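K.L.:
For this one, chain A is given, so just place chain B on it according to the hints.
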Amino acid sequence: DAGVTQSPTHLIKTRGQQVTLRCSPKSGHDTVSWYQQALGQGPQFIFQYYEEEERQRGNFPDRFSGHQFPNYSSELNVNALLLGDSALYLCASSLKGLDTQYFGPGTRLTVL
Amino acid sequence: AQSVTQPDIHITVSEGASLELRCNYSYGATPYLFWYVQSPGQGLQLLLKYFSGDTLVQGIKGFEAEFKRSQSSFNLRKPSVHWSDAAEYFCAVGYSGGYQKVTFGIGTKLQVIP
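For the protein sequence lines, the chains are A and B, in the order given. If you read the first sequence in the working numbering, its first letter stands for residue 1, the second for the next number, and so on. If you read the second sequence in the working numbering, its first letter stands for residue 1001, the second for the next number, and so on.
Bound conformation, chain A alone (with noise of 0.2 Å):
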C-alpha cells in the first residue's frame, strides 16, 4: 500500500521564480491538503482539495495556488516566489469523512 509521495524532494530557486510541487495521495484517498513547514515550526495550513476544488484555505496570498486532478493527485504553484517562502512544503492526504492526514516526505524549497 503505497503511501504519501511528493516529487520532487529537494528545489531551489531564485527570487520571482515559479515553482510546481507535486503530491500522490495515499492509496484511497481522495483529499489533499498542504501545508508549509518553515524552519523551527509547525506547519501552516495552505488550503485542501477534494472533488478537484479547493475547499479551504488558510492565510496565505493568492501567489500559491493549487490543482487536483481526477487521480485525486495534486500540484501546488507559487507565484513570485519570495526569501520567506523557503521552507518544507508538506502534502497530507485523507478520505473525506475519516479525518486523520497522513503526510508525504516533503519537498524542501530554497529561495535564493
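Worth flagging that the hints you see were computed from the coordinates, not collected in a lab. Incorrect hints may have been included.
[Unchecked claim] Using 16 Å as the maximum straight-line C-alpha spacing, the simulated EDC-like pairs for lysine to aspartate or glutamate come out as follows: (1) K1109/B x D1008/B; (2) K1049/B x E54/A; (3) K1068/B x D1054/B; (4) K1101/B x D1085/B; (5) K26/A x E75/A; (6) K1101/B x E53/A.
[To be verified] Taking beta-carbon pairs under 10 Å as the criterion, some of the chain B residues facing chain A (in silico): (7) V1004; (8) T1030; (9) Y1032; (10) Y1036; (11) Q1038; (12) G1043; (13) K1049; (14) G1053; (15) A1092; (16) V1102.
Source: prediction; values computed, not measured. Yeah, the Cβ is synthetic: ideal placement off N, Cα and C, and Gly gets one too.
P.N.:
Positioned in the frame of chain A, the structure of chain B alone reads:
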C-alpha cells in the same frame, strides 16, 4: 479559531526515563486531537489520535495520550524513552466535517541522553 499550545520548545530526558509532552488546545467544540512525530528532514508520522470515547489513547511506539476536557489538554506520555525517540513532536487539533483544517502547535524537540 482553533489553536494549539505546546509550552515546552525543547525537552531533554535520559534514556529509560519517563516522558510527558504537554499540549493545550483551544476549540469551541469537541476537537479531534493528534500527535505526530517528525525526524529531521522528514515528513510527519501519526503517533495517535483522539476522536471520541476512551480518553486514554494508545498509539504506536509505546506512546499514549490522555484527553482531559476540563483542562483542554492532550498530553503525550511514554513510560521509558529510547534513544530512537529523539525527534520533534507536534500536537494538532482538527474537527470533523470532511473538510478538515488541522492546526499544529509549534512542536517540542526531544533530546535523549545516555
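K.L.:
Which numbered hints are broken by the structure, listed smallest first?
P.N.:
The structure breaks hints 2, 4, 8, 14; every other hint is satisfied.
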